[in-house]
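Here are the chains, one letter per residue:
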Amino acid sequence: MIIALVLIGLSAVLALGIGIRARSGHEMGLEQWTVGGRGFGAALVFLLLAGEIYTTFTFLGASGYAYGLGAPAYYILAYGTLAYVISYFMLPAVWRYARRHGLVSQPDFFAHKYDSPALGVLVALVGVVALVPYLVLQFTGLGVIVQAASYGAIPKAVAVTIGAAVVTLYVVISGIRGSAWTSIVKDAAIILVVLFLGIYLPLHYEGGIGAMFAAVDKARPGFLAFAATGKSVSWFVSTVMLTALGFFMWPHSFGACYTAKNAGVFRKNAILLPLYQLVLLFVFFVGFTAVLVVPGLKGAATNMALLKITVAAFPPWVVGIVGATGVLTALVPGSLILMCAATLFARNIVAVLRPQSDAQTVKLAKMLVPVVAVIGAYFAIKGSDTIVALLLMGYSFVTQLFPALICSLLARSPVTKAGAFAGIGCGVATVVYFTMSAETLAKLAPGWPEWLRDLNVGTVALVVNVVVMAAVSAVAARGRVAAKAAL
Amino acid sequence: MKGIGWLAILPFIGMFAGPIFHNSVTPFILGMPFILAWIVIWVLMSSVVMAVIYRFDASGGSDQ
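Protein sequence lines, in the order shown, are assigned to chains H and P. Just so we're aligned, residue 1038 is where the first sequence starts under the numbering used here, counting upward by one. Just so we're aligned, residue 24 is where the second sequence starts under the numbering used here, counting upward by one.
No lab work stands behind these hints: they were computed from the structure. Mixed in with the good hints there might be a few duds.
Unchecked claim - In silico lysine to any residue, SDA-like type, Cα no more than 20 Å apart, as pairs:
(1) H/Lys1268 to H/Pro1392
(2) H/Lys1268 to P/Phe44
(3) H/Lys1268 to P/Asn46
(4) H/Lys1268 to P/Ile43
Unchecked claim - Pairwise CB distance ranges, derived in the manner of DEER restraints:
(5) H/Leu1312 to P/Pro50: 20 to 26 Å
(6) H/Pro1451 to P/Phe44: 31 to 37 Å
(7) P/Ala40 to H/Tyr1470: 31 to 37 Å
(8) H/Val1411 to P/Gly26: 48 to 54 Å
(9) P/Val71 to H/Ala1248: 27 to 33 Å
(10) P/Phe79 to H/Arg1449: 38 to 44 Å
(11) P/Phe79 to H/Gly1247: 36 to 42 Å
(12) P/Arg78 to H/Arg1136: 44 to 50 Å
(13) P/Ile27 to H/Lys1193: 48 to 54 Å
(14) P/Gly26 to H/Ala1514: 29 to 35 Å
(15) P/Phe44 to H/Val1195: 49 to 55 Å
(16) P/Pro50 to H/Pro1451: 45 to 51 Å
(17) H/Ile1412 to P/Ile43: 37 to 43 Å
The model shown is predicted, which means the values in this text are computed figures rather than measured ones. C-beta atoms are modelled at their ideal positions from N, C-alpha and C, and glycine is treated no differently.
Work out the full structure: start from the sequences and follow the hints.
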């Protein structure tokens, strides 16, 4: 137990060290702290964007989801690929516009495109709200790791608090350069660990991957295909679409694409990144093997599946290495999310409402970092959601930005600023309603056909969003034509 | 998005067609349940499709 905790502590110290080194030689102005002075080549942008693929979400969330629900976990492999296909066409246009106008953040983009500071504030609010569950899931992951590596000696609340404190320290010290460089260490570590676990565990316990799946199918018939109701094929298709469209709508991913040196980077990445995420397959292998080896975990405890089977199969020093890798997978994205939420709030909400200098904004952002961390830690300690459920909640929010964004890239957009504002507002309100009331379509409309009732509620909100956006835009455009005619 | 760019629809059709038309554990492919294997195949195919688009796209990689 001691050795496991020591290794985990060392990984956190190593990450802090890299952060401090990466910072040296770069003056930490707003542009440097958040977009690295727009000087990142293909490799670093690749890693920042890929930082999305290998987070606590993949490591603990995907294995836990495979363990708890079976086939629905496959969506995690599908959506990233489709998101990269979309990114091939979308990101170069976003990047070019952002560079031409010297934009730093996602709300800048909306505010500038639609010539509406108010829309920028709304987009920033949606971003901050969506980032909270994303941050909560990274902290939840950190908590799970520390708990498991201490073999239960450190309780959840303490574990989460330690995790949140380390992430906060890391962000204040390093900014985005630290994140990019730590990404390299993190990705190398996670690929090695996941390949090892994903090949060794099925082999060790069941004699091979094929034998393992056959055993799971025998123990739990139907577990490896989609259910007829609930998380059915219709849930899969709607969830994959929702998350693929929302993938680059996260304020930190959107912002990360500004760091590229040129637009070609995204086109090449669209070919390579799908292959890069095949490592997820081995995460699934671990989760499915855990079904046979450490059965009985329910609800939020499924987050523990990967670590439980590791503890069952290996001596403490291996648990330490796996845990240390887990810490890095939470630290890098956690720091990006935290930095992004604080910057959004300081720069795109406060500074718009009450103009201030850049220096004041950076200072405010850095002060907000611990505040946001405390909020995240609070929900991580109180909450009892699975990691995947938390991310899906965040996705329901950010994907609401997609329709207005994609329309703004058209040569002649039919969408007006009022339409964009109303669409995003109504979409988000729909998500809030479903989240707060814990309603589902299946409960609201029991008479509807099964495939409609199983749709991810985020896609329902997206439909509301598009309909409102189109209607308000049409009315606004007619108003403008009428006003012109009257002149 | 014109011409060759329309090929980008293939990954979407491919990814969803398997689960929609054959939501089943069997046949196992390379030891994996059918749907999982199907999705893996389409991850690989998507990369190929994007490489083809990149190769023939007039603006591919050349712009700054």
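Could you work out which of the previously given hints the structure breaks and list their numbers from low to high?
Failing hints, ascending: 1, 10, 12.
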